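Chemist: Using the sequences plus the hints, can you model the full thing?
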Amino acid sequence: MSDLSEKDIEVFIEAIGSYFKQITQEAASIGVAYLAANAFPMNDFTGMIKVSADYEGALYFSAPSAMLRHLLTVMKETNQSEENLLDAVGEIANTISGNARKYFGENMVISIPEKVSGLTSKLDHQSRRHAYVIIIKWKHYSASLIVDISRIR
Amino acid sequence: MKLMIVDDSKIIRSRIARIMADATLPAIEIVGFAANGNDAISLFKATHPQVVTMDLTMPEMDGVECTTLLTELDSNVKILIISALSDKATAIQALKNGAEGFLYKPFTDAELINALLELIEE
Numbered sequence: 001m002s003d004l005s006e007k008d009i010e011v012f013i014e015a016i017g018s019y020f021k022q023i024t025q026e027a028a029s030i031g032v033a034y035l036a037a038n039a040f041p042m043n044d045f046t047g048m049i050k051v052s053a054d055y056e057g058a059l060y061f062s063a064p065s066a067m068l069r070h071l072l073t074v075m076k077e078t079n080q081s082e083e084n085l086l087d088a089v090g091e092i093a094n095t096i097s098g099n100a101r102k103y104f105g106e107n108m109v110i111s112i113p114e115k116v117s118g119l120t121s122k123l124d125h126q127s128r129r130h131a132y133v134i135i136i137k138w139k140h141y142s143a144s145l146i147v148d149i150s151r152i153r
Numbered sequence: 154m155k156l157m158i159v160d161d162s163k164i165i166r167s168r169i170a171r172i173m174a175d176a177t178l179p180a181i182e183i184v185g186f187a188a189n190g191n192d193a194i195s196l197f198k199a200t201h202p203q204v205v206t207m208d209l210t211m212p213e214m215d216g217v218e219c220t221t222l223l224t225e226l227d228s229n230v231k232i233l234i235i236s237a238l239s240d241k242a243t244a245i246q247a248l249k250n251g252a253e254g255f256l257y258k259p260f261t262d263a264e265l266i267n268a269l270l271e272l273i274e275e
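Those protein sequences? They're chains G and L, same order as listed.
The first sequence begins at 1 in the working numbering and counts up by one.
The second sequence begins at 154 in the working numbering and counts up by one.
It should be emphasised that the hints constitute simulated quantities derived from the structure, not laboratory data.
Just so we're clear, the structure is a prediction, and the values are computed from it rather than from any experiment.
Take these hints with a grain of salt, some might be off.
Unchecked claim - Below, in silico cross-link-like pairs of lysine-lysine (DSS-like), each with a Cα-Cα straight-line distance of 30 Å or less:
| hint | chain 1 | residue 1 | chain 2 | residue 2 |
| --- | --- | --- | --- | --- |
| 1 | G | K76 | G | K102 |
| 2 | G | K21 | L | K163 |
| 3 | G | K102 | L | K241 |
| 4 | L | K155 | L | K231 |
| 5 | G | K122 | L | K163 |
| 6 | L | K198 | L | K163 |
| 7 | G | K137 | G | K50 |
| 8 | G | K139 | G | K102 |
| 9 | L | K155 | G | K76 |
| 10 | G | K21 | G | K115 |
| 11 | G | K102 | G | K115 |
| 12 | G | K139 | L | K241 |
| 13 | L | K249 | G | K50 |
| 14 | L | K231 | L | K241 |
| 15 | G | K76 | L | K163 |
| 16 | G | K115 | G | K7 |
| 17 | G | K76 | L | K231 |
| 18 | G | K102 | L | K198 |
| 19 | L | K163 | G | K137 |
| 20 | G | K21 | G | K76 |
| 21 | L | K241 | G | K122 |
| 22 | L | K241 | G | K7 |
| 23 | G | K122 | G | K139 |
| 24 | G | K7 | G | K76 |
| 25 | G | K50 | L | K155 |
| 26 | G | K137 | G | K102 |
| 27 | G | K137 | G | K122 |
| 28 | G | K102 | L | K163 |
| 29 | G | K21 | L | K241 |
| 30 | L | K155 | G | K122 |
What the hints assert, rightly or not - Computed footprint of chain G on chain L, listed as stretches where at least three residues anywhere in the stretch have a Cβ under 8 Å from a Cβ of chain G:
| hint | region |
| --- | --- |
| 31 | 159 to 166 |
| 32 | 196 to 204 |
| 33 | 219 to 226 |
Unchecked claim - Have a look at the derived ranges for each label pair, beta carbon to beta carbon:
| hint | chain 1 | residue 1 | chain 2 | residue 2 | range |
| --- | --- | --- | --- | --- | --- |
| 34 | G | H130 | L | E271 | 43 to 49 Å |
| 35 | L | L248 | G | D54 | 50 to 56 Å |
| 36 | L | T200 | G | A66 | 34 to 40 Å |
Virtual Cβ for every residue (Gly too), placed ideally from N, Cα, C.
Modeler: Below you can see the structure in the form of structure tokens.
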């Protein structure tokens, strides 16, 4: 098992930055990635993508409901039901992990999104001893991207 | 021209439909939505669309397999893949299986309209 490099993590930072820029026409402020063993900054809704093949673990995008409602408004989506908020976090997690394959290649197989509300600050099946946490600030909201992925081949 | 929208995300399906409506593209009529490949096959047989927007990562049947089956049913169908999967191998595979265009997520309204117009005008 080998660790992801700083360059590897930069791929996820670029992908989330690009998502906000493209969808909202407004840059998000992306914090420096830090390592955490537990106490992950989970918000109201979380989208999770599991990875497999040459990698193991998962990527999480977790956002407060107010931020997701605002994003849906920007996308001109008037249905802001819980179902659509969950759909939004799943789609964002899916887009970031899918975009990251441009760099990691097809040997990072990604799952369809799992979407949950009210996730606790502990990960159920943590792959790494310390996972990377990236904080995204957009307008006055704060969301988190957690990269709990290891390269196994 | 009849259009079918296939994506497991409801907000993406709605967004594509809304962009089409706002753009008032005269020749395009949306005939239905599907959230996975199996539903897309059934809807395709019932509505006979000439154009399809197709996600790749979906439950039950993914977009690559669905693209293959749709082109077997109608070799003239024009399929635009709309996916976040940005590696070259995936795009090549989708095009080999019968897709005619590839649009990466996230996309802007203009990018979607241009991609669909290019596909239709081919």
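Chemist: Each hint needs a verdict: does it hold in this structure or not?
Modeler: Results for each hint:
1. G:K76 <-> G:K102: holds (29 Å)
2. G:K21 <-> L:K163: holds (22 Å)
3. G:K102 <-> L:K241: Holds, at roughly 7 Å.
4. L:K155 <-> L:K231: holds (11 Å)
5. G:K122 <-> L:K163: Judged against 30 Å, a Cα distance of about 29 Å means the pair holds.
6. L:K198 <-> L:K163: Roughly 22 Å between the alpha carbons, so the hint for K198 of chain L and K163 of chain L holds.
7. G:K137 <-> G:K50: Holds - the C-alpha atoms of K50 of chain G and K137 of chain G are around 24 Å apart, at most 30 Å.
8. G:K139 <-> G:K102: holds (28 Å)
9. L:K155 <-> G:K76: holds (24 Å)
10. G:K21 <-> G:K115: holds (23 Å)
11. G:K102 <-> G:K115: With Cα atoms ~24 Å apart, K102 of chain G and K115 of chain G stay inside 30 Å; holds.
12. G:K139 <-> L:K241: violated (34 Å)
13. L:K249 <-> G:K50: Holds, at about 27 Å.
14. L:K231 <-> L:K241: At roughly 21 Å apart (the allowed maximum being 30 Å), K241 of chain L and K231 of chain L satisfy the hint.
15. G:K76 <-> L:K163: The hint holds at about 13 Å.
16. G:K115 <-> G:K7: Between K115 of chain G and K7 of chain G the Cα gap is close to 28 Å, so the pair holds against 30 Å.
17. G:K76 <-> L:K231: holds (27 Å)
18. G:K102 <-> L:K198: Violated, at about 34 Å.
19. L:K163 <-> G:K137: holds (25 Å)
20. G:K21 <-> G:K76: holds (16 Å)
21. L:K241 <-> G:K122: violated (35 Å)
22. L:K241 <-> G:K7: holds (20 Å)
23. G:K122 <-> G:K139: holds (27 Å)
24. G:K7 <-> G:K76: violated (35 Å)
25. G:K50 <-> L:K155: Not OK: K50 of chain G and K155 of chain L at ~36 Å, beyond 30 Å, violated.
26. G:K137 <-> G:K102: Roughly 25 Å separates the two Cα atoms, so the pair holds.
27. G:K137 <-> G:K122: It holds: about 22 Å lies between the C-alpha atoms, which stays within 30 Å.
28. G:K102 <-> L:K163: holds (25 Å)
29. G:K21 <-> L:K241: The given pair, whose Cα atoms are some 23 Å apart, holds under the 30 Å limit.
30. L:K155 <-> G:K122: violated (48 Å)
31. 159 to 166: Contact hint for the region 159 to 166 of chain L vs chain G: holds, 5 residues under 8 Å.
32. 196 to 204: violated (count 0)
33. 219 to 226: The restraint on the region 219 to 226 of chain L is violated, since only 0 of its residues have a Cβ under 8 Å from chain G and three are required.
34. G:H130 <-> L:E271: 43 to 49 Å: 46 Å Cβ-Cβ, so the 43 to 49 Å window holds.
35. L:L248 <-> G:D54: 50 to 56 Å: About 24 Å separates the Cβ atoms of L248 of chain L and D54 of chain G, which means 50 to 56 Å is violated.
36. L:T200 <-> G:A66: 34 to 40 Å: Holds, at about 39 Å.
Checked against the numbered hints given earlier, the structure breaks hints 12, 18, 21, 24, 25, 30, 32, 33 and 35 and satisfies all the rest.
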